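For reference, the chains in residue letters:
2 protein chains.
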Amino acid sequence: MPSRGFSPEDYAVRTARAQSAMALAGLDALLLTSEPDIRYFTGFLTRFWESPTRPWFLVVPAGGAPVAVIPSIGEALMRRTWIRDIRTWASPAPEDDGVSLLADTLGALAGPRGHIGLPMGAETVLRMPLADYARLRSALPDARFRDATAVLHSLQQVKSEAEIARIATACAIAGRAFARVPEIARAGTPLAEVFRRFQMLLLEEGADWVPYLAGGAGPGGYGDVISPADERPLARGDVLMLDTGAVFDGYFCDYDRNFSLGPPAADTVTAQDVLFEATEAGRAAARPGATAADLHDAMQAVIAAAGDLGAGGRLGHGLGMRLTEWPSLTATDRTPLVPGMVLTLEPALEIGPGRMLVHEENIVIREGAAELLSPRAPRALPELE
Amino acid sequence: MPSRGFSPEDYAVRTARAQSAMALAGLDALLLTSEPDIRYFTGFLTRFWESPTRPWFLVVPAGGAPVAVIPSIGEALMRRTWIRDIRTWASPAPEDDGVSLLADTLGALAGPRGHIGLPMGAETVLRMPLADYARLRSALPDARFRDATAVLHSLQQVKSEAEIARIATACAIAGRAFARVPEIARAGTPLAEVFRRFQMLLLEEGADWVPYLAGGAGPGGYGDVISPADERPLARGDVLMLDTGAVFDGYFCDYDRNFSLGPPAADTVTAQDVLFEATEAGRAAARPGATAADLHDAMQAVIAAAGDLGAGGRLGHGLGMRLTEWPSLTATDRTPLVPGMVLTLEPALEIGPGRMLVHEENIVIREGAAELLSPRAPRALPELE
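As given, the protein sequences belong to chains A and B, one line each in that order.
Under UniProt numbering, the first sequence has 267 at position 267, and the numbering climbs by one with no breaks.
Under UniProt numbering, the second sequence has 298 at position 298, and the numbering climbs by one with no breaks.
The hints are simulated quantities; they were obtained by calculation from the structure and are not laboratory data.
Keep in mind that this is a model prediction, so the values were computed, not measured.
By construction, the Cβ of each residue, glycine as well, lies at the ideal position given by its N, Cα and C atoms.
Among the hints, erroneous ones may be present.
[To be verified] Where chain A lies over chain B, by a calculated footprint (3+ residues, C-beta under 8 Å):
(1) 113-122
(2) 189-200
(3) 219-227
Using the sequences provided together with the hints, build the complete structure.
What follows is the structure, encoded as structure tokens:
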């Protein structure tokens with residue numbers, strides 16, 4: 001297991017890089033409100049974000065360390081990070097839930113006419129009430145609020161070795177749990193029981209928590225990949241798929257594994273072969289200088305050569321502090337791949353009506369060939385009793 | 001275990017109640033973007049919300065059933081709900097990620113000059129990119145976008161018996177897991193291992209998943225209540241606290257339990273007594289006609305009578321599809337309590353510097369006395385070896 005947390009120097013480097021990008025973009029401050037964005041610059045790691053009650057703010061000024069503007073309930077934990085300027089209020093406070101404290105902080109750090117960047121683009125959310133955001137803008141009438149999505153994407157999409165080690169650890173944990181699926185899944189086991197026991201295996205193998213588990217089971221394939229489990233027992237002829245995002249030290253893995261209850265049907269074997277080869281093609285194409293679209297195209301070519309079976313959509317995505325991140329492996333995403341990007345390869349086939357098969361692996365872009373972070377799925381579908 | 005899901009009639013009733021409140025508020029449509037809001041009107045239950053990539057929309061018109069405007073990856077699951085009008089697009093689509101489809105839908109259902117309500121107030125988040133929200137407003141230049149927080153609060157804060165049964169089930173699951181803490185926690189066990197094993201117990205006892213676990217351990221009390229676990233081993237004299245939000249069928253419990261490693265110190269025993277009595281006072285005050293502030297005041301009076309030990313802040317909150325909901329048990333929240341409200345009672349004491357004790361129980365307001373949903377904590381701190 002890698003050690004936990006990152007050094008103050010790591011956070012200082014991230015902050016300096018952000019400030020370089022901010023200078024190029026003409027931004028006087030960043031305003032961050034989401035869990036991963038705040039954690040990226042501070043190391044503030046808590047499951048308390050599950051409570052939607054309180055807003056949390058981090059201001060990254062043009063120079064110097066970030067300033068936390070947070071509910072007092074988080075002060076003790078924030079004091080353990082490298083952040084020294086911590087401004088708190090007693091939340092919830094319906095009349096003024098940190099807005100005036102935040103406005104004062106932004107006004108002082110960015111100036112009354114400052115350009116304040118916040119994530120407004122794809123895959124981002126402003127995690128504060130919309131009415132409070134309007135109040136903030138009224139309190140800083142001469143400030144300009146601008147989209148800073150590109151600043152954050154450019155920083156976060158390339159992982160440090162310490163970050164990669166955490167994702168690799170999450171992948172290894174899931175790999176050990178997947179290897180133990182025969183202990184918990186056989187003909188007659190209700191799918192909901194498999195889901196429950198698989199989460200227990202992930203924890204036993206070292207996951208801190210299990211934010212995501214989906215999957216499905218059905219004769220020769222499954223109907224969709226986002227449903228919760230039902231009580232239907234597994235039956236011979238089913239394909240079982242489990243897809244997990246388990247977390248280690250705040251970083252996700254995201255990959256799936258398929259199992260056949262007894263020998264698979266002929267068209268399932270064919271689909272498995274195609275998806276295995278598609279993933280191989282994706283891995284081979286995953287080199288610096290290629291684009292996200294090149295990986296999509298490499299996988300799609302294998303799928304198309306096998307007939308018109310593609311399930312469409314994107315065939316993978318970024319991975320890190322979030323279960324899914326930019327870029328997207330689609331035909332149109334021209335993001336250039338650079339070493340340190342962690343990606344999923346996720347080709348899917350529609351075998352028949354309501355019958356899908358999805359493969360997924362996690363890789364990191366390296367100089368030369370990509371490195372697998374998930375233990376490679378076997379070429380042949382593993383069989384369960 | 002109660003059955004899962006709700007009947008189409010339940011959702012139709014919720015929709016009709018929303019439409020009555022919308023009519024009073026002069027709203028022609030509701031626009032919902034968050035997991036609990038969309039699930040409340042549809043039954044769309046999936047952990048796929050963990051992926052921040054795609055936005056999801058539900059439009060509740062002034063009359064008739066809601067209309068889903070969602071990524072096509074969710075269509076199969078949405079088709080299993082009572083929703084019949086499902087409009088999809090292939091997301092992610094950076095150029096237009098559902099915005100024009102949503103604008104067309106809202107324009108048709110609310111009219112070009114319609115008043116569109118969305119949650120903008122306390123404890124709400126708009127779960128779509130801010131830039132897309134701006135595009136939506138530009139596409140409907142004559143529509144008015146207004147705060148609908150009160151409409152949703154008024155509906156969701158009073159739970160049906162079917163909802164209460166789910167929260168009660170989650171509470172019972174956690175109660176069985178808490179009863180088994182002596183199996184997993186003793187002097188020498190690292191706190192991180194206790195957290196891992198406790199999540200496994202919750203799953204084994206029937207939780208679908210465990211979105212929240214926090215806690216702490218320290219000599220005679222703990223320093224804060226939102227930190228993740230560290231590797232420090234439990235030691236004699238520690239107080240261990242575990243606070244969980246486990247989920248059954250999409251509904252949370254939220255309560256904690258305290259344990260003493262060996263006999264507790266005298267001031268810990270005193271604090272335990274005060275908090276037990278404060279919780280009793282909160283239960284006794286929890287009747288229809290009282291306000292959230294009355295419950296706060298009843299608990300605070302016990303704490304104040306024992307000296308100036310209060311940790312301050314709110315002393316409880318609503319509970320349901322979210323770990324924390326409105327109202328807040330604070331001195332200023334005048335929300336009247338009505339039968340069907342599910343609340344936490346959560347008094348806290350500062351025993352000394354960096355040493356807290358927090359109690360928590362879950363109750364539902366009934367005609368007459370409130371009903372405990374969590375198995376009542378024992379008066380004396382249970383001891384671990």
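Hints, one by one, checked against the model:
{"no.": "1", "hint": "113-122", "result": "holds (count 5)"}
{"no.": "2", "hint": "189-200", "result": "holds (count 6)"}
{"no.": "3", "hint": "219-227", "result": "holds (count 5)"}
When each numbered hint is compared with the structure, no violation occurs for any of them.
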